[in-house]
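**Q** Protein chains in written order, with full-length UniProt numbering: chain B, 1 to 536; chain A, 1 to 536.
Honestly, the hints are just simulated from the structure, not real lab data. Certain hints may be false.
For identical chains, the list gives no copy identity; a pair is met inside one copy or between any two copies.
Below 27 Å or equal to it, Euclidean Cα-Cα: the simulated BS3-like pairs (lysine-lysine) are [claimed, not checked]: (1) 160 / 353; (2) 481 / 212; (3) 479 / 493; (4) 325 / 285; (5) 353 / 190; (6) 533 / 6; (7) 190 / 160.
Protein chains: 2
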Amino acid sequence: MRYNPKNPYWFNRDRFVLSAGHGCMLQYALLHLAGYDSVQEEDLKSFRQWGSKTPGHPENFETPGVEVTTGPLGQGIANAVGLALAEKHLAARYNKPDSEIVDHYTYVILGDGCQMEGISNEVCSLAGHWGLGKLIAFYDDNHISIDGDTEIAFTESVDKRFEGLGWHVIWVKNGNTGYDEIRAAIKEAKAVTDKPTLIKVTTTIGFGSPNKANSYSVHGSALGAKEVDATRKNLGWPFEPFHVPEDVKKHWSRHVPKGSALEAEWNAKFAEYEKKYKEEAAELKSIANGELPVGWEKALPTYTPESPADATRNLSQQCLNALAKVLPGFLGGSADLASSNMTLLKMFGDFQKDTPEERNVRFGVREHGMGAICNGIALHSPGLIPYCATFFVFTDYMRAAIRISALSEAGVIYVMTHDSIGLGEDGPTHQPIEHIASFRAMPNILMLRPADGNETAGAYKVAVLNRKRPSILALSRQKLKQLPGTSIEGVEKGGYIISDNSSGIDRFGASAPAGKIYKEFGLTAEAVIAAAKELS
Amino acid sequence: MRYNPKNPYWFNRDRFVLSAGHGCMLQYALLHLAGYDSVQEEDLKSFRQWGSKTPGHPENFETPGVEVTTGPLGQGIANAVGLALAEKHLAARYNKPDSEIVDHYTYVILGDGCQMEGISNEVCSLAGHWGLGKLIAFYDDNHISIDGDTEIAFTESVDKRFEGLGWHVIWVKNGNTGYDEIRAAIKEAKAVTDKPTLIKVTTTIGFGSPNKANSYSVHGSALGAKEVDATRKNLGWPFEPFHVPEDVKKHWSRHVPKGSALEAEWNAKFAEYEKKYKEEAAELKSIANGELPVGWEKALPTYTPESPADATRNLSQQCLNALAKVLPGFLGGSADLASSNMTLLKMFGDFQKDTPEERNVRFGVREHGMGAICNGIALHSPGLIPYCATFFVFTDYMRAAIRISALSEAGVIYVMTHDSIGLGEDGPTHQPIEHIASFRAMPNILMLRPADGNETAGAYKVAVLNRKRPSILALSRQKLKQLPGTSIEGVEKGGYIISDNSSGIDRFGASAPAGKIYKEFGLTAEAVIAAAKELS
């Protein structure tokens with residue numbers, strides 16, 4: 001059986017994430033050996049070349065079988081936390097005492113660079129808090145980063161920090177050849193069900209290379225023909241480049257019938273489940289295939305000019321609550337500003353260690369981690385629609401994650417309130433000025449700034465429909481009038497005329513004394529004042 | 001004696017940083033009591049109001065005595081690490097066995113929100129690595145953030161994490177009234193000279209308020225008149241609002257003569273130092289007052305069209321090395337990409353725990369922390385000119401710190417290499433597309449993209465001269481030709497004509513068959529090809 005994300009069985013696959021470029025060639029090689037059609041021998045040969053399926057950093061939209069886009073450091077471990085959250089949440093909602101249809105692990109490999117990035121500490125603190133027992137992280141402790149030995153900038157005790165974060169920590173001292181140790185560590189990690197596990201695997205970078213092992217020169221550049229030869233000799237590997245010996249092929253091909261048997265087993269289990277739990281099965285299928293329920297958009301509220309003026313952050317909350325009722329994969333939360341961003345789903349409790357079936361996610365003050373976790377949730381299953389929230393100005397804290405949403409086609413909804421100077425007393429550090437312009441410049445982002453209730457509802461309709469583009473909604477703290485002429489349909493067009501002001505100049509001027517012309521065209525102080533008064 | 005940053009004595013003052021809005025009113029009240037002219041009783045009364053010196057988050061450019069702008073969470077602790085780095089560096093360079101003229105502490109208060117932010121883990125890992133023994137951080141452990149009890153999102157062991165980061169950790173269990181415990185903790189912290197200290201102070205938020213203490217409702221909003229009354233009664237405080245009783249005034253005013261004595265003592269010590277170590281004293285004074293050495297700009301390299309083509313990242317390294325020779329306060333480094341960003345100063349070693357006199361700072365893969373640490377360095381003394389480097393695309397990781405540079409007038413130089421698709425194999429996650437446009441939209445930023453050697457030198461001249469505006473230099477990985485007509489002076493103008501292409505259309509068209517017009521105006525395929533060939 002070959003990988004096919006449209007086949008419901010694959011929804012329950014274990015997820016493997018290689019954080020940053022970490023072992024990118026390894027990832028491609030494993031996909032190839034495991035029988036993924038997406039990576040052929042030719043693809044391996046065109047590593048890092050134009051048009052290849054094997055770019056320098058794995059991209060989920062380029063290479064089937066690559067789960068997430070993890071190029072920038074720290075994103076991968078954060079995505080993995082999102083994937084593990086999604087599993088825990090869906091398992092809690094859909095598993096039945098007689099049928100565990102959601103039950104998979106999330107594995108991630110991360111290196112020293114990822115460990116140094118603040119985002120990794122944010123998300124690992126959350127993973128410990130949430131008790132994500134099916135998250136297993138391998139920390140490739142090789143002591144080398146691009147600038148050399150980690151002694152120059154990274155001498156903390158990672159073990160102790162992770163124990164502080166509430167993780168189970170295992171140390172594999174010989175990561176180069178200690179296969180039994182590694183197997184035992186995985187077994188131990190699986191036995192610990194209430195905590196995520198960090199397996200610190202001490203390794204030698206460039207293991208086997210006689211002259212370049214344990215040095216930064218193998219970090220981001222090729223060994224070179226001469227050193228490759230020396231390494232082959234050293235490791236006793238006599239085969240041609242890219243040749244996979246028959247016994248290796250045979251070893252790996254065992255997985256194909258094994259996988260087929262597992263698939264048949266799961267399909268039978270799911271067929272049984274579908275009979276007993278019709279509604280849940282239909283919901284779960286829609287989460288697995290991304291099909292939105294018929295008529296979902298009718299749940300969105302509409303307004304008339306007579307509806308009371310309101311802040312778009314409040315109108316947004318009405319939309320969020322309306323959507324959560326009709327979209328089974330809708331979940332999210334705020335970075336410690338839920339009561340300011342107005343993002344609580346009133347009919348649900350908090351997603352927590354012991355209540356993972358709930359849909360309000362409490363991210364704490366961790367904007368960057370929040371965005372990247374949402375990328376992981378969105379890419380777990382196409383029907384999961386995560387939203388996350390903070391003040392609009394703090395998109396600066398999470399911009400790298402937002403860019404990955406755009407690049408990796410993760411339809412995260414960013415609910416960004418307290419737009420502009422309307423924020424008030426918190427002052428200039430909290431007031432977004434340049435942020436709209438900066439996001440309009442970012443490819444594949446929907447930057448939406450609704451003017452009232454209908455436009456807020458329209459913005460949500462656009463955001464939910466665009467499952468391969470993230471949306472940013474800039475929302476106000478202050479009250480805004482409900483305008484005549486706004487509509488959901490109008491917002492969907494991208495631009496539309498709310499009020500016809502076409503009596504501004506639309507001809508090529510006229511010949512007369514200047515004062516007279518200004519007056520004739522209505523450009524007088526009195527006219528400007530009158531127009532301004534009309535608006536206020 | 002009153003605070004006067006132009007008086008050299010104040011260069012050696014202890015630095016106090018209140019991270020985020022943390023205790024902002026406390027900070028203003030302390031400045032007022034300590035006799036800072038900048039905060040009068042009237043200023044306290046106009047807290048969070050238009051035009052006041054007491055905005056909702058303290059801003060260094062609004063209120064003399066406020067060291068740094070720390071509104072967004074996590075920035076303050078990062079700034080404090082920069083301030084402590086600056087002290088350790090300057091002490092190592094300028095202190096003599098017979099005269100310790102640089103010798104001060106950096107204190108910072110941070111709360112649960114700052115602890116959750118990834119940036120704080122980044123900088124605290126570095127502070128531990130660098131052994132910043134004169135950095136003392138008070139962690140206000142009050143268990144309340146905006147969304148409520150920290151139980152909902154923050155249950156890690158902060159103590160254990162900080163021990164892992166190489167800090168000395170002390171727990172003050174009664175932070176509300178345990179003054180002796182706090183005094184003892186500070187004494188203990190000062191005795192530990194090879195590690196920074198975290199004093200975890202367990203407190204009750206809103207202590208004294210009978211109905212609102214220990215709840216999120218005192219986090220960001222006023223108690224209200226009724227509860228203020230109840231709190232006054234509860235604490236036995238009978239005085240009018242804003243009234244400072246005589247005995248309190250007297251207690252605080254003790255510091256004025258004490259400070260004068262300390263100042264006289266330091267001035268005498270410095271006068272002695274100046275006699276013995278003339279050159280060092282002159283350098284240190286220029287660091288304290290920000291005066292650039294006469295003729296420093298002559299050190300910048302210049303090029304002719306015959307000079308070899310080169311990547312602007314390499315040309316930048318020539319400038320960095322030239323400037324480090326003539327600017328005593330010039331120091332910086334990269335986030336683990338020194339050999340790619342080309343930022344090493346060849347005549348200096350690494351700033352490390354045991355070699356703090358050196359000027360190459362190794363930030364590790366911690367872009368956000370790096371930017372905020374540089375803000376702290378820049379705001380320690382006007383003559384310190386920090387630069388920091390990563391790939392241009394990773395400004396996304398540090399954008400919040402860059403914005404604070406711009407807002408708080410910290411003239412940090414951001415050396416951002418691997419501009420645009422010219423980066424190559426690392427792929428789209430590493431290629432900046434929208435970044436120039438996004439920074440052009442940010443107020444008070446100098447966004448510079450030099451085209452060759454002369455323009456790179458010009459960009460550095462502009463960056464060094466602008467001590468109250470941060471500069472971002474976007475630099476290439478690929479070789480660029482040295483162009484005729486470029487110059488340092490040209491760059492200083494902001495825009496200038498390198499090559500006169502004014503034979504493009506500069507009239508209102510003409511009447512003739514269209515093909516003929518295109519030909520006459522030189523817009524033919526042949527002409528375009530010829531022009532393109534000339535450029536390539």
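**Q** Within, between, both or neither: how does the pair residue 160, residue 353 come out at a Cα-Cα threshold of 27 Å?
**A** Both: 22 Å inside a chain and 21 Å across chains, each within 27 Å.
**Q** As a check of your reading, is residue 325 near residue 285 (CA-CA no more than 27 Å) within one copy, between copies, both or neither?
**A** within (17 Å within a copy, 66 Å between copies)
**Q** Please sort residue 533 with residue 6 into within, between, both or neither, judging by C-alpha distance up to 27 Å.
**A** neither (57 Å within a copy, 49 Å between copies)
**Q** Checking an output row: residue 353 and residue 190, CA cutoff 27 Å. Within, between, both or neither?
**A** Answer is within: at 17 Å inside a copy they meet the 27 Å cutoff, but 40 Å across does not.
**Q** When no copy is named, should residue 479 and residue 493 be tagged within, between, both, or neither for a Cα gap of at most 27 Å?
**A** within (25 Å within a copy, 44 Å between copies)
**Q** Are the CA atoms of residue 481 and residue 212 at most 27 Å apart within a copy, between copies, both, or neither?
**A** Close neither inside one copy (67 Å) nor across copies (34 Å); limit 27 Å.
**Q** How do residue 190 and residue 160 come out at 27 Å by Cα distance, when the copy is not named: within, between, both, or neither?
**A** Both: 21 Å inside a copy, 25 Å across copies.
This entry does not satisfy hints 2, 6, going by the numbered hints stated previously.
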